[in-house]
Amino acid sequence: MYTLSSKLKLTAIIFMIVGAIGLIYGFIAAPETVEEVKEMMASEHHGEGHAAEETAKINVEQLPGKNVATQNIEGYESETAHADEAHAEAGHGEEASHEDEHYEHILHQLQNKPWAALYVAAFFFFMISLGVLAFYAIQYAAQAGWSPVLFRVMEAITAYLLPGGIIVFVILVLSGLHMNHLFIWMDPEVVAHDEIIQNKTAYLNVPFFLIRAAIYLGGWAFFRHLLRKNSIRQDEATDDVWFKKNFKLAAGFLVFFIVTESMMSWDWIMSLDPHWFSTLFGWFVFASLFVSGITTIAIISIYLKSRGYLEFVNDSHIHDLAKFMFGISIFWTYLWFSQFMLIWYSNIPEEVVYFIQRIEDYQLPFFGMLITNFLFPVLLLMNSDYKRVNWFVVMTGVVILLGHYLNVYVLVMPATVGESWFIGIPEISAVLLFAGLFVYIVFNSLTKAPLLAKRNPFIKESKHYHY
Amino acid sequence: MASKVIHAIYNDDDLLLQAVKQVREARYHIGEIYCPFPVHGLDKAMGLAPTRLAITSFLYGLVGLSVAVAMMNFIMIEDWPQDIGGKPSFSFIENMPSFVPIMFELTVFFAAHLMVITFYMRSKLWPFKEAENPDVRTTDDVFLMEVDAANHNIDDLTNFLYDTGASEIKLIDNK
Numbered sequence: 034m035y036t037l038s039s040k041l042k043l044t045a046i047i048f049m050i051v052g053a054i055g056l057i058y059g060f061i062a063a064p065e066t067v068e069e070v071k072e073m074m075a076s077e078h079h080g081e082g083h084a085a086e087e088t089a090k091i092n093v094e095q096l097p098g099k100n101v102a103t104q105n106i107e108g109y110e111s112e113t114a115h116a117d118e119a120h121a122e123a124g125h126g127e128e129a130s131h132e133d134e135h136y137e138h139i140l141h142q143l144q145n146k147p148w149a150a151l152y153v154a155a156f157f158f159f160m161i162s163l164g165v166l167a168f169y170a171i172q173y174a175a176q177a178g179w180s181p182v183l184f185r186v187m188e189a190i191t192a193y194l195l196p197g198g199i200i201v202f203v204i205l206v207l208s209g210l211h212m213n214h215l216f217i218w219m220d221p222e223v224v225a226h227d228e229i230i231q232n233k234t235a236y237l238n239v240p241f242f243l244i245r246a247a248i249y250l251g252g253w254a255f256f257r258h259l260l261r262k263n264s265i266r267q268d269e270a271t272d273d274v275w276f277k278k279n280f281k282l283a284a285g286f287l288v289f290f291i292v293t294e295s296m297m298s299w300d301w302i303m304s305l306d307p308h309w310f311s312t313l314f315g316w317f318v319f320a321s322l323f324v325s326g327i328t329t330i331a332i333i334s335i336y337l338k339s340r341g342y343l344e345f346v347n348d349s350h351i352h353d354l355a356k357f358m359f360g361i362s363i364f365w366t367y368l369w370f371s372q373f374m375l376i377w378y379s380n381i382p383e384e385v386v387y388f389i390q391r392i393e394d395y396q397l398p399f400f401g402m403l404i405t406n407f408l409f410p411v412l413l414l415m416n417s418d419y420k421r422v423n424w425f426v427v428m429t430g431v432v433i434l435l436g437h438y439l440n441v442y443v444l445v446m447p448a449t450v451g452e453s454w455f456i457g458i459p460e461i462s463a464v465l466l467f468a469g470l471f472v473y474i475v476f477n478s479l480t481k482a483p484l485l486a487k488r489n490p491f492i493k494e495s496k497h498y499h500y
Numbered sequence: 259m260a261s262k263v264i265h266a267i268y269n270d271d272d273l274l275l276q277a278v279k280q281v282r283e284a285r286y287h288i289g290e291i292y293c294p295f296p297v298h299g300l301d302k303a304m305g306l307a308p309t310r311l312a313i314t315s316f317l318y319g320l321v322g323l324s325v326a327v328a329m330m331n332f333i334m335i336e337d338w339p340q341d342i343g344g345k346p347s348f349s350f351i352e353n354m355p356s357f358v359p360i361m362f363e364l365t366v367f368f369a370a371h372l373m374v375i376t377f378y379m380r381s382k383l384w385p386f387k388e389a390e391n392p393d394v395r396t397t398d399d400v401f402l403m404e405v406d407a408a409n410h411n412i413d414d415l416t417n418f419l420y421d422t423g424a425s426e427i428k429l430i431d432n433k
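First to last, the sequence lines map onto chains A and B.
Just remember that the numbering used here sits 33 ahead of the position in the first sequence, which is counted from 1.
Just remember that the numbering used here sits 258 ahead of the position in the second sequence, which is counted from 1.
To be clear, the hints were calculated from the coordinates, so they are not data collected in a lab.
Each hint should be verified, as a subset may be incorrect.
[Claimed, not checked] In the DMTMM-like style, the derived pairs of lysine to aspartate or glutamate whose C-alpha atoms are separated by at most 20 Å in a straight line are: (1) 493/A with 344/A; (2) 345/B with 268/A; (3) 279/B with 421/B; (4) 277/A with 494/A; (5) 262/B with 398/B; (6) 302/B with 348/A; (7) 487/A with 273/A; (8) 345/B with 393/A; (9) 338/A with 353/A; (10) 345/B with 384/A; (11) 487/A with 272/A; (12) 302/B with 418/A; (13) 496/A with 268/A; (14) 262/B with 431/B; (15) 493/A with 222/A.
Next comes chain A alone, as it looks inside the complex (with noise of 0.2 Å):
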């Protein structure tokens, strides 16, 4: 049995404290009215107007002719950055209403952004427990020989998908009640103007959509709280029986799972940009939460074993999972590029724009994913001696972590807080306070049962694996 430590508990809920602090202060330090948004812009008046001259210089290199007017120019920067809001109502012609238009819109962009980074934050460590869910049930459908020696660590990390999950769901219903503005297609007021989003009105309504996100939530929660019953009682069974409903069960979550995740993918993330939209997202969506919750089974059967809990899981598991890591961050970036590389190939302007958007205003993030995501992993998980090696592991995982925290974040923030965006006190702080509470949860179901699956029909080759 696993005792929790009292300096592991002591740690997570300092977290949950501190973040729970900072994400207050996001909010109280988000501004409420377009007063303080001036008073606030001119403040740090230096930086805005620079930014400004900038992407105003960018757009006239692309623009067709070097000798466009500068009001010409004017109008197409305000009408690209108003694009999505849809602000039409206001004279297109008149300075005063646009400057108005202008701070409007950063208010707007401001007051989403403490709402985004919770949004964010509580979306990251919930596809991690989704993502070792479905994880944990292919190796039950697979009938995987080397991984039933770590199933009590990955049904610890699920067991944050509930609470997650909730929180995830509460944040869209207080989203539902126009606590924020984070999806703009639930703004009655924007959707009277855009024709577009109004013709997808029969899927983009507040009510379908929480009953749509229940459904999720529900079938998921359902699935792991069954899969962890049946685990714990074939411990204590004489026959293999349960094992044989965990199989079944296992192979109906990943059917349910994968109409279920790509759905979700386009509610809870695409539907941030209700003009846009992408086939592939499903799965690129996908490949984010599984290769993250690859990587945490691996952080964390590490720490386990370097605290003696494991004695039973050796190098070659280690090795398997780092493979896992590997590979599925290959594929991550496969789809991340095969969206990327067909969408600025044919250079649609109504879907090229969610790429002009994140690579103006996201240059860093949106490719410094690439680094952390995709050529860190292939480049120290290549070899197959480091794969053995612990510290090598836990180093590239947590790269891995923190750049698939970047790809949910480059995911919300363009459509959400635009060019505002910035990685300050309300984006860590809600990182911490759902680290601290993954952290308090998971380890704390760790201590709910035995760390060995004692009667597992595979867990004497899984002890005995060796690669």
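On the provided structure of chain A, position chain B as indicated by the hints.
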């Protein structure tokens, strides 16, 4: 005096693995082992150095990547930077996404093919090469261990190999 070797034939791979360990412990020198199929753990038991084929493959892959980058950069950017369907050909990086499929394929192509050729060269395999098979049965169902007789007592060595479970022991003049 021509050197002599002993060919010990085993019928079972477990027996063979055990024999290899015993022979190495008794400090006899194993020249070669002929098997009809890969015996898991045989290389470790024999104490063979690990292969470096994977390292060569990685390097060949880098060569392939360099060839692709140099080729595309020269053709598409430096030599004749045409406007083809509005693709930006001012610099390599601007048009890079469209080169990636070629870069990837050439990396794999070089890594795979040059590694295979390296394998053939290192293991001296080619068409019309004369087969080096001391006993035809080793391609079907028996395992043959070749032990250097050198300056050991032939009788002692024979008895020793017999004890390890060899089903046939032959003394061979090595060419």
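Review point. Failing hints, ascending?
Key: As far as the earlier hints go, 2, 5, 15 are violated by this structure, in ascending order.
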